Structures are given as structure tokens and as C-alpha cells.
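Sequences listed follow chains V and P, in order.
Take the first sequence: its position 313, counting from 1, is numbered 313 in this note's numbering, and each next residue is one higher.
Take the second sequence: its position 41, counting from 1, is numbered 41 in this note's numbering, and each next residue is one higher.
Do not take every clue at face value.
If several chains are the same, the list does not tell them apart, and a pair holds so long as it fits within one copy or across any two.
[What the hints assert, rightly or not] With a straight-line cut-off of 35 Å between C-alpha atoms, the simulated DSBU-like cross-links for lysine-lysine are:
(1) Lys184 to Lys447
(2) Lys14 to Lys447
(3) Lys125 to Lys450
(4) Lys250 to Lys125
(5) Lys331 to Lys51
(6) Lys26 to Lys450
Please keep in mind that the hints were generated in silico from the structure rather than gathered at the bench.
Just so we're clear, the structure is a prediction, and the values are computed from it rather than from any experiment.
There are 2 protein chains.
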Amino acid sequence: MLNNRLRREELKSKIMSADDAAMLIKDGMIVATSGFTPSGYPKAVPLALAKRAQEGDKVEITIITGASVGDELDGALSRTGIMVRRYPYQTNKYSRNSINDGSIMYQDMHLSHVPQFIDYGFFGKIDIALVEALAITEDGGIIPTTSVGVMPQAINNADKVIVEINTSQPMELEGVHDIYVTEKPPHRKPIPITHPGDRIGTHYIPCNPEKIAAIVITDITDKVRPLAPIDENSRKISGYIIDFLEHEVKMGRLPKNLLPLQSGVGSVANAVLGGLVDSKFENMTCYTEVIQDSMFDLIDAGKVTVASGTSFTPSEDGLKRLLSNMKHYAKHCILRPMEISNHPEVARRLGVIAMNTAIEVDIYGHVNSTNIMGSRMMNGIGGSGDFTRNAYLSIFTTVSTAKNGDISSIVPMVSHVDHTEHDIEVIVTEQGIADLRGTSPRERARKIIKNCAHPDYKDMLMDYLERAEKGKYKHEPHLLTEALSWHVRFLETGTMKIK
Amino acid sequence: MLNNRLRREELKSKIMSADDAAMLIKDGMIVATSGFTPSGYPKAVPLALAKRAQEGDKVEITIITGASVGDELDGALSRTGIMVRRYPYQTNKYSRNSINDGSIMYQDMHLSHVPQFIDYGFFGKIDIALVEALAITEDGGIIPTTSVGVMPQAINNADKVIVEINTSQPMELEGVHDIYVTEKPPHRKPIPITHPGDRIGTHYIPCNPEKIAAIVITDITDKVRPLAPIDENSRKISGYIIDFLEHEVKMGRLPKNLLPLQSGVGSVANAVLGGLVDSKFENMTCYTEVIQDSMFDLIDAGKVTVASGTSFTPSEDGLKRLLSNMKHYAKHCILRPMEISNHPEVARRLGVIAMNTAIEVDIYGHVNSTNIMGSRMMNGIGGSGDFTRNAYLSIFTTVSTAKNGDISSIVPMVSHVDHTEHDIEVIVTEQGIADLRGTSPRERARKIIKNCAHPDYKDMLMDYLERAEKGKYKHEPHLLTEALSWHVRFLETGTMKIK
Ligand SMILES: CC(C)(COP(=O)(O)OP(=O)(O)OC[C@H]1O[C@@H](n2cnc3c(N)ncnc32)[C@H](O)[C@@H]1OP(=O)(O)O)[C@@H](O)C(=O)NCCC(=O)NCCS
Ligand SMILES: CC(C)(COP(=O)(O)OP(=O)(O)OC[C@H]1O[C@@H](n2cnc3c(N)ncnc32)[C@H](O)[C@@H]1OP(=O)(O)O)[C@@H](O)C(=O)NCCC(=O)NCCS
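Build out the structure end to end from the sequences listed, making use of the hints.
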């Protein structure tokens, strides 16, 4: 069996224990890893590294991933204090806590910036690429598993490569990847993708075998995240979006099979996509980052012909379903490096319909997707900005309230801005949908308040707007003494409502 | 002479007075025009239209331009109340006042979004394209003058076209333009530009002659805007940028002749570019929107081989210099549709070094370029977001104080966000430069305060940061009760200083 996983004979001498491999990682190093939304990340070596620290060894390192990774990496290295600097996205409870208590320096970045930051040397020299692989080819080519992320750039730029061959990942994944990397400017060429299904690269990441410093064999499975069941709110949001898209088709502003869909991470995003199973759209395509459970439904229903992403991001049930039908899904799915899945060039060319989730939205259409109450990091911006800014249509969804109604997700001014009023065409909550195309800020505010805000907060929002409009400058009227007062009230009293 | 300007005989029957042409514009219409940063905009017909309104005719219309236009259009139609809706950028005193007093509905948009919004039908049907031309070819092709902007999309999508042939524009402009338009998704192809000097289109905008409803002959000149003389602050900012770029070359992170430069509008931007005349860089190229005076200096000094933009944006002196040496400058300049000059695909591929101006910047690196004190529209975001987000390196400049020192341009939280912390690599003021690559928010804050803030405000900023860091959530620490208090203090007391 190992011959199939490790096809280059001479590399067998590099096989070692995770403990030995972890010794290659030294204090102060910059380590770039595979992994994207708990899929395809290295597991055995980070666990061994954590053990080393627990045994008293001082190791403080920087971790650069594709996106979020599982507890064996983000969790274990946060709990042990090994990971002191982190780029560009995370969703782990422990790393989030360490970021928020100030012990991890975190830069939350646009995912499409990460591969080029590595290539350009903006992070400094990458000491080690730590990657999970399905297999290594005769030429030393590394075949990724359930995600690609920044693996190609990590491998190309690192001094040394540590490979975890994960035997829990089914060999049927071979062929699903399409690896293409760009040159650095001024030598960059157009990326030759004109359809989400275009294959333009190789099935593996080319790698000089001499750079491979260690090979670890493991069978630890991806620790995927649960998806909340599809609830009434998500169903409503999904319904509004489908009605809107149908209207756009009727008006001749969208083709009958729509344009390639991009859908963000999380439960609402999954539900929105899921709603399309019962829509009348056919022959849809997806050009997105993450391939979540509902994509499998769409493929099974024959609704989606091809889904391009950089990772499979299933729930636990979804993972079982994926792994046991890999051959079937592999025919309809392509996993690309995140440089390509999230590339502004391709997103703009294909004209994706971007659907992402907001934490909060303000009356003028600015979106906060990262920092709760302005300061508390949730996950990060991820790829939402890459797609939103370059989409044919950019849609943001959110439930109109949080914390049992004590927080309005529609506020006078968001406490942190990740996407500006210039970037967004449509806002949807379970209350309704606001089409913001062609609107001035004050028109936008009325649409958002009327269609999207929760009834408990509508009057308060209108009151803010109308009082702000009495000021001297009426382009985007604000009362700066009150703009953030809803957040302050929540922090002080536990509710945004006025008691 | 007219034969050279109007080369299709049958079209001579369409020649009429500006007054008659203005009658084609009816109440409620959507009019898309040529013009980009007071260059190449229609003049005679808007003036005639304004006269009509002054004589009591009710005409309320929507105006969509490339970017800012001169007083004959924005000024005249604002003063008469004809322009009730405006997209996407303006710099005229009267239109700005009407936007801020609430009488013009203004949507300030990313310039790269405008051409596709027109093509996609998101603004509704374009009734009239009103464009300035150098000449009309035998086939009815329309040759632009000193800018291109959204002319191609306006002409392609309008029911009728009104052309102002402007005889004040020198025939030497013929050949400087390169007109290429994209298909709508799903049929878009890669834009075949791999060097700023690549020519990929025609010298004129193809137009079905039957759509040409009126031709007006005029000789009103472009009303360009004055440029402030290059002062000590701009010289310092320029100096820091040049040192930084030299360091990047030394570190191997930039080629010796740099990468294509993009430089924003305004006096500081002009000065920054001007500083490069005395630098040691050679064979530079520019891929930008506006070609300002200092570009002529760089071309004359043999420092810049080619400058690609969508408009010439000279000062009055610069305009004279340009027009009297058009043949010379035409060899080094290309004017493209703004769809192409501002296209994320091309900006990312070429790896532009983007240099834009901020109104204010906060300690975490968010930039406000549009709304003074959160509500008062200055100009608009223009193309700054198109370039910033897709640049190899994105640099923002600002003088550290405004209003004689009563405003700090570095604040705890900006009162409006146009560019987020995710978008920017470098901040420069006359105080110094902050390289933000790879920094967490708190590291960023220290760099910005230490290197960029004015000494009068440094301690106040550090005090804010340190008190905010005492809070529970330390990722991007804010005191929401104080975050906007500097702006409030300025509005209430006339200074951000504590008296
Ligand atoms: C925004 C985002 C966090 C929402 O994720 P989700 O799983 O759909 O959201 P949830 O409803 O579970 O909310 C997440 C948390 O935010 C809280 N929250 C939601 N809205 C809130 C608001 N307006 N104010 C304060 N907290 C709020 C929820 O209560 C929940 O907190 P908890 O974990 O303490 O219970 C997630 O989509 C994200 O990280 N987006 C940014 C990255 C991205 O868009 N990537 C897409 C490209 S693939
Ligand atoms: C930001 C921008 C307005 C600066 O332009 P500029 O000519 O260099 O700037 P100035 O120093 O003259 O400032 C313009 C005004 O803003 C005011 N201002 C500047 N900084 C300020 C601050 N921090 N707070 C309040 N007002 C401020 C100035 O006092 C001046 O006001 P005034 O006209 O009442 O005197 C201009 O670059 C812009 O519109 N940018 C957005 C569009 C863009 O970047 N396009 C580039 C792509 S080509």
C-alpha cells in the first residue's frame, strides 16, 4: 500500500516519526502549512510539536495556513503557546481566545493576498512547508488531500518540506486537483480560465525531492466542523435570494442557468445554497472557495454540473458521504490553489454571484464580518472580500438579530468595516431583501431599515436616520456622538434595546 | 477642416446647434457622458440644457460620467437643479454642495464597477450618450479627446448618441487611444495586456451611425483644475516613498525599474510622482487612471517609457504643455477605457505599485478617502479601491494634520471607511513611513502612531491605544465611547486638541 502512496523509492529513507520530524521545527521559524477550512491540514507533526513544548522545550513560531485548520494544529499550538503569530484566517476556539487575549499576533488578510505575499517575500523567508499529502509521485510531485490552499506557494518558497502522508484520505482524491501557479510580476500571464470547469494545471504540486526533509505516515482524520441544521431563518433568506435571482433572469440581467455561484462559509451560507436544490435553476456552476454539504445535494440533484473550490468543507456527515462517494463527486469537483480559486481576475471574468455572511450591517451598507463589538475577532475576512469586490452581484446575508434579540444586526454604524458601501449590491435577512444598486446612502438606509431590520429595531433606526438628516451634511448623515451607542449600550446593559 | 473632423459625409445632416441638441434630453432621462477628471467631457450641450432650465423648462435627469467633469457639466447642471442623480465621482464645488445639502442623490462607486453596471443594465436603460469627440471616422467610429472614461459603454448601451466635436482639441490626439471592451459574463475572455504599453484595440469607438442623433461643433476648452505647488510636506512624503522603494529593490522584492506605478489624483499624488524625476530609477512604466503634470516631467526626463491611463489630467499650464507637444507625449501615452485602465485583472497581473491619498487614516490602518467627519462628501472613492486592492504594494499618503493643525489625519477610528486594514501595506505622512506588512492590529497602531502621527497628537493616540488595550478583547482594541470623540470634539470646539 505504501508504494502507492510513496512512489519515489529513494524518498522512503526520509520516513520518520512525527516526533523526529517535529524536531526540524525550531524556535523563531516561519512555517507555512496546507489546510483550508478544517480540511487537508497537517496533524501528526503539530501534535508532536505541542508535546515537545509541553515537555519544556521553548518553541515559538509563526504559522501561515490557507485558511482555518483543525484543533491538531490551531488548537494544540495555541494551548501550548507555540504559535505566537498567525496568518490569515482561523476558526478554532483556542486560537481565537489567544488572539483576543493578546497572546497571538494575528493578521486577518484577504485570502487572495496570502499566496502573493509568500511569493513576494513579504512575510520573510519561509523556513518550513508542513503539508498533508495523499501521495508523492515518482517525480516527487506532492498530491494534496481535501484542500489545496497555499500548499504550492509554501512548497515553492520553503527551505525544507515536511510531508504528512495521510492514509485516511481516499486515493479516489487523486485527479481532483488542478495545480497552476502564476509568475511574479512583471512576468505574469493571463490565467486561462473562462469556465469554472476549465482544468489548466497538473494533478500534483511539483517539488524538488531534495527539499523533502521528512515524511511522516499518519491516519488522523480531518476534524471538520458541525453545520447547524437548516432553520426557518435560513430558509427564508434562501427564499428571498432565489426570488431575486429569478427576477434578474426575467429582466434579462442574468442567464437562465445564472452565473457561477460563490458561497461563503458557515451554516447560513450552506442553507442558502441548499435552497437552490428546490429552485428551478438548472446546469448551475460554482466558482467558490469551500465546497460544503449542500453542494453535494446540488450535484446529486443534477442541478450543479461543476463546482470549483480550494477545499472540501463538509460536516462530519458530509465528510462520510464525500469519502464514500469520492469517485462520483470527483467528476464534478475541482480543487485549485487558493491563489486561483480566489483570484480577482477569474472572479471578475466569470462574473460570480457572491453570497457571504455578515456579522452586522449598517444602514448605509457597510459590513462587519470579523470583529464583534469592534474588537473581538471571530474568524477573519477570509475570501469574502476577494469575491465580493469582483462579483457580478455581491449579496450579504445575516439574521436580523443575534443573542436572542438583544443585538440588532442592522445598526447605525458598524463597529468594524470589512466590506464598504462601494462593494455590496444586495443585503438579505430573514425579514426581507434590499437591492442597493444605484442608490444614494439615504435611499439605501431606508431600504435596509424597511426591508431587512427586525421590527423591534425599525423605529429606533428610522429615528436615528431622521435625526441625522437634520444635520448640515446630508450625503451620509451620521450623529457621531450616537453612531456607536448601540454597541456601547449592549456592552453596558446586555441589550441594544432601550429599557 | 470640418471634413477632417467629420469624415462620414451623410452625418453632416446631423449637425445642429447645442440648443437643438439639448432638446433631445427630456425630463427623467438617464444620460451617460464622456469625461474623466475635468478632461474630455461634453460642454456645449450641458450649457444649453442649463439655459433651457433657466428659461423655465422642467428637466430633471441622471448623469453618469467616467469620473469628475468640468463646471460646464457638473456645475451648470447642479446650479440649475437639472442633475438630480449622479454617478460615480465628482469634484465640482456646486455638485459637491448639492450632494451635501441633500438635493443630489449621489452614489460614490468604484470606477471599475461603472462600465459593467452600465453593460449589465443595473442603472436601467441609458437614454442618451453625450460625448465629446475629436472626430468621427468614415465608419462612424468616434474618436475621444483627452479622456476615454465610460464612453464605449455609454455609446454601446444608449438609445441615442449626441456628439460634441470639439475643435479646441488637437488632431494630434488621434492614435493615442486604445479602445477595447469586454463581453458580458459568461462570455468574457482574458484581457490580453501583459505590459502597460500593450495596445489591444482600435483608435476609435465603433458606433452605429444611425444611433447618432445630433452632432454639435464646439471649441470650449477643458476646464482643468489647478495643482497646488509642490510644498515641503509633499517633498518629504515623496522622499520617504522613494527610500522605501529603493530598499525594496535592494531586498530583491522589486525589480530595478520597479513595477508599473499608479498614482492618485490631487496635489500630493502629483508631487509624489514628481519626486521620481530626481530618483535613480530608470525605464519606469505607469498603469494608472490619470496622467498628471509630473508624468510629463518623467517622460521628458526619459524616466518613464510608457504611461497608460484613461485621461490626461493636467493643470492649466500642464494642458498648454500637453497640447503644444501632443505628438511627443502621444508616443509615450495610451488612453484606455476606464474598464481597462482600472480593471482588477490587469492591475493584479501587472503588479502595480498603487499610491493614493487619504483624508484620514486610523491607528489600525483603515482609510477614509471620501466623507469628511463621516458625512460630508468630498469627491468620492474614484479608482483608488480598484488599484489598492489589487496592487503589488498599496501605499496611502496624507499630511499628518489638516486645518492648521486642528485636525489630526491619524485618528483612533476613521469616521468613514473606504479602504480597510486588509487592503493597505504602507502609510506615509510628512512625519515618516509605516510598513504594515505582516503586522497585527496592535503592532500596526504603534508603527502608525510612532512614524506617521504629528507630534502634537502622538501622546493622545498612544494614550487611547493603551487604555483600549486594557479592555477584555485585545485583537483590535477600541473604546467605543471614545473612538469617534476626536471628530466630535472638532465639530464642537473647532479643534481635535484638548484645550
Ligand atoms: C460572519 C460569520 C462569522 C458568520 O458565521 P455563521 O456560522 O453563519 O454565524 P453564527 O450565526 O454562528 O454567528 C457566529 C457568532 O457571531 C455572533 N453574532 C452574530 N451576529 C452578531 C452581531 N450582530 N453582533 C454580535 N455578535 C454576533 C453569534 O452570536 C455567534 O456567536 P457565538 O459563537 O458566541 O454564539 C462567518 O460567515 C465568517 O467568518 N465570515 C467571514 C469569512 C467569510 O465570509 N468567508 C467567506 C468566503 S468563503
Ligand atoms: C483624498 C483627496 C480628497 C485628497 O485630495 P488633495 O487634493 O490631495 O487634498 P487636500 O489636502 O487639498 O484636501 C482636500 C480637502 O480635505 C480636507 N482634509 C484633508 N484632510 C482632512 C482631515 N483629516 N479631516 C478633515 N478634512 C480634511 C482639506 O482641508 C481640504 O478641504 P478644503 O477643500 O475645505 O480646504 C483626493 O485624493 C481624493 O478625492 N481621493 C479619492 C479618490 C482617489 O483616490 N482617486 C485616486 C484614483 S486615481
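Hint check:
no.: 1; hint: Lys184 to Lys447; verdict: between (44 Å within a copy, 28 Å between copies)
no.: 2; hint: Lys14 to Lys447; verdict: neither (62 Å within a copy, 44 Å between copies)
no.: 3; hint: Lys125 to Lys450; verdict: between (52 Å within a copy, 26 Å between copies)
no.: 4; hint: Lys250 to Lys125; verdict: between (53 Å within a copy, 16 Å between copies)
no.: 5; hint: Lys331 to Lys51; verdict: neither (40 Å within a copy, 66 Å between copies)
no.: 6; hint: Lys26 to Lys450; verdict: between (57 Å within a copy, 32 Å between copies)
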